[in-house]
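K.L.:
Residue numbers (our numbering), protein chains in the order written: chain A, 1 to 233; chain B, 234 to 416; chain C, 417 to 1019.
Note that these hints are calculated values from the structure, not bench results.
From the three backbone atoms N, C-alpha and C, an ideal C-beta is built for every residue, glycine too.
Among these hints, one or two may not hold up.
Claimed, not checked - Ranges between beta-carbon positions, derived for each pair: (1) B:Ile332 x C:Lys659: 52 to 58 Å; (2) A:Pro129 x B:Glu340: 17 to 23 Å; (3) A:Ser101 x C:Lys659: 49 to 55 Å; (4) C:Asp451 x A:Lys158: 49 to 55 Å; (5) A:Ser101 x B:Glu405: 58 to 64 Å; (6) A:Pro138 x B:Asp256: 37 to 43 Å.
As the list claims (entries may be wrong) - Computed footprint of chain A on chain C, listed as stretches where at least three residues anywhere in the stretch have a Cβ under 8 Å from a Cβ of chain A: (7) 443–453; (8) 468–475; (9) 908–918; (10) 922–928; (11) 950–959.
To be verified - Simulated crosslink set (SDA-like; lysine to any residue; CA at most 20 Å straight-line): (12) B:Lys378 x C:Asn1018; (13) A:Lys174 x C:Asp571; (14) B:Lys378 x C:Asp437; (15) B:Lys335 x C:Asn1018; (16) B:Lys304 x C:Tyr996; (17) C:Lys933 x A:Arg123; (18) A:Lys170 x C:Asp437; (19) A:Lys174 x C:Lys481.
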Amino acid sequence: MSEFVSFKIDGKQCMGRAGEYITEAAERNNIYIPTLCDYKGTAPKASCRVCTVKVNGRVMTSCTTPLQEGMEIENETAEIQDIRSGIIELLFAEGNHLCPSCEKSGSCELQALGYRFRMMVPRFPYLFPVREIDASHPKLIKDHNRCILCKRCVRVMKDEKGRSFFAFYKRGAKLEITIAPELADKITDEVAQQAMDVCPTGALLKKRKGWDVPVGKRLFDMKPIGSEFEQVK
Amino acid sequence: MSKAVVATTSMAGCFGCHMSFLDIDERILDLIELVEFNKSPIDDIKHFTKQCDIGLLEGGCANSENVEVLKEFRKHCKILVSVGECALMGGLPAMRNGIPIKECIDEAYLNAPTTKNCNPDRILPNDDELPMLLDRVYPCHEIVKIDYFLPGCPPRADLIWNALYALVTGDELKLPYEVFKYD
Amino acid sequence: MSSVVSGVLQEYGNDAGRLMDILLDIQAENGYISDEDITGIATGLDMSTADVEQTVSFYHFFARKPMAKYNVYLNNSAIAVLMGREKIAEAFERESGCKFGEVSEDGLISLEDCADIGMADQEPAALINGLVFPNLTGFLVKELVRDMRKGVSVDELRAHGLGDGMNNSQHLKATVNNNIRKKGAVIFSEYQAGSALDKVKSDRMSPEQLIELVKQSGLRGRGGAGFPTAMKWDFCRKAQGEKKYIFCNADEGEPGTFKDRVILTERPRLIFDGMALAGYAVGAHKGILYVRYEYMYMKHYLESVLTEMRNEGALGKKVNGIDGFDFEIRIQYGAGAYVCGEESALIESAEGKRGEPRDRPPFPVEKGYRGMPTVINNVETLCSVAKLVTNGVEWFKSLGTGQSTGTKLLSISGDVKYPGVYEVEWGFSINDILEMSGGDPATVQAVQVGGPSGSCVGPNEFERTISYEDLSTGGSMMVIGEQHDLLQDVVLNFTEFFIDESCGSCSTCRALAVMYKKTLEKVLSGGGRRKDIDAMLSWSPIGKASRCGLGQTAMNPICTSIKNFRYLYEGHIKNANEQYEGGFDIAKAVADSCEVVGRRPNL
């Protein structure tokens, strides 16, 4: 077992294991650092940048930064919180996130972060991009309007040979998710369900499953995302 | 102390936000003590008769009339509040954004199930009196300055009440988690 | 699987890590990469086609459909625009009969835009089937297209003569000019091939001693960030790993930078010897020179230099007769992605993947190419090492200023009489540069220091000095005369460049740059508000949370020009009631719908 080290988050003395990621160490100390693209059990990618913190004065992502003795981490400072809400607003304005008509509403992690940060309206102009909804697959709907390109599906969903079901296509503002056509048959009900669970938003939906959890009983309807880690303050 | 004057309107919206507003139930009695309505569907005053303190806006701008109403509100209200997803980001009407306007009009007047065989002369409404469709649906704050935003589809009655109450009394706005939703 | 695909796969031992080379070779053979090729590669490498496609679609120069016989990629960078690129584009469209993004009806010519191709001192310039055609004029375009119609080969198209120096040599035969305007003591002074390694041998210098020597010299990385070279080497030497790698970063993609092109042309031995020294210092046996696709015309030339070195014993077993030091170098080409100049993206690309930068830690010196400790140095840095080993530390330190030792190569372009490469000692001012290059201070509006990711500096700052202490730079200096529209032609162009070149991985880079563009366009169209200008400045910390330098600096063209040229922005604000109105243009918004229904707008 790796050695224990002490570090601070917003001045609070914490203990953690050297080398574990800051996000994990924070959770163990009952402190929530918001994440979006991070997915338990899969190597982090830090593509959303929501978990940005300052470590000893430097801007870093906590999902990819290993813990070291004596780190001074800034988590809920005004500066960091503004960067995070800025990122969330950016994601809302970049795509077409129509919560009222989305099956994932209430269980969507992007939306939940919007709630947590009390985002009223993005500071950025809405781009209203023209994006496709691809419902051609028998099990799965792929709605690019809601995709935040977090790469979770790309990183998590592999077949038994390690080949990717999903992959990035193109780059920059033209970036999108594709499904490998030759592996499409392998997307069974179970794989489709997993894809839907892995997707933080409503970009990947399993077909014929809509609204099986009523609004009001969904993941983030009553409690904010991250509250499970937080002590009563 | 004179009562705060409130105006409300629904532009490219469904009146759901107004309905939600009425969901404040018995607090409507407190409301009447607190504010006086001017131009609003609630009292059916069609035109501004005086300067107002607060304007509540439902719906985004989909046509020229919406723009005109919105600009009237900006002129007559000290504070403008965008209420609901449509005012904030265009909402469901904004699903047409990105679709060429000709396709939208053809779909509505020529190809939709309800118009397909009922418009043999293929007439597209073009009377001078009619509002003109905008190229896309605009959030209100892209057209005029908006001071506050209340999300939700519709915003919960409690949220509208809390916001209005805070604005009128100067108290701090209460934003409990359960009333703050985008759907 | 076609025989081409199976042959290429076999050549690279079915190694998915060599996917870039596999794709480049297949494209070189077939002209494009077909669906069948993708399936063949995926099968051969045990990947899904989506995995292959995600690499292919990342790079600008991979073609997924059959190309024309002559493929013209015309640079659209800001400098190209200042130098009259639009007229050349019109000439190509007129002569070829097709628009940009299209192929001519007879399938003869295709026209595409591309980002800066490293020819800012001889713009407008285009790549035609991988060869460079600089200094284009309307007349020249006419001639080129006429000859294409006659079926003249691209090699023969180089009608307007070969360039100077080694450009005119047998293996290069390039129409490019070096434009070396000032030779300094380090890079462009004479160098006896192999002498740096001779010195290591004759002095019986240990790797540690070599690192100490570099440390004494005060040499810092020339790519722009200025990290001490010796420290990087020392980290890598001490890192655990069964293999170690040396990378030379010749992916200079920063618009307005072209000095590496000239070093590659004139001093390839200096680079390769520098790589060998780095290998000796850190204990690496393999060096990889990563070159941008735009310099593909140098491929045979660079390979020929390596072959010569192998024949001389300057590469291979016991390099230069130094016992126990084996070193090989291979050349890795990119395929058109600016972000690959970022060191960790460069590694990803060399591993056959999308050029998405990695998060640090771990740093490449601990875990780099194929997970092994890796040093990545700039071309100029490695050349400086070779020279300082040969000529001594004291000599090197006598050049430059206290914290900035040695010389710096500048790529000067734009509105100056003598665009080209200048090797100068550190510590000069922008005024010095203008004087040297024949820029007229009276008519210069701005100087873009360090490329789009650097700063847009106005005359009141022309006294500032170029050094790690003050204005740091990778070497690009673009001089912009007063006759140009700074915001439209330069700032907007740079912002679009960052949008095109973002890998898209970080939300803060992918989306924020688009927001900047949209807001700048709003201001330029007259619909902006003062609030919009301040908003753009306030967004900057969000972009700074990006993983790599591209995202962290994508706002610099706008933010530095707001700081130094705010009056230009405010000059566009026409709306008297801007505090309450958002610059919405109703006449424009209703125009389409009125036309569709057949009525006159009633406003």
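K.L.:
Run through the hints listed earlier and report the numbers of any the structure violates, in increasing order.
P.N.:
4, 5, 7, 12, 13 and 14
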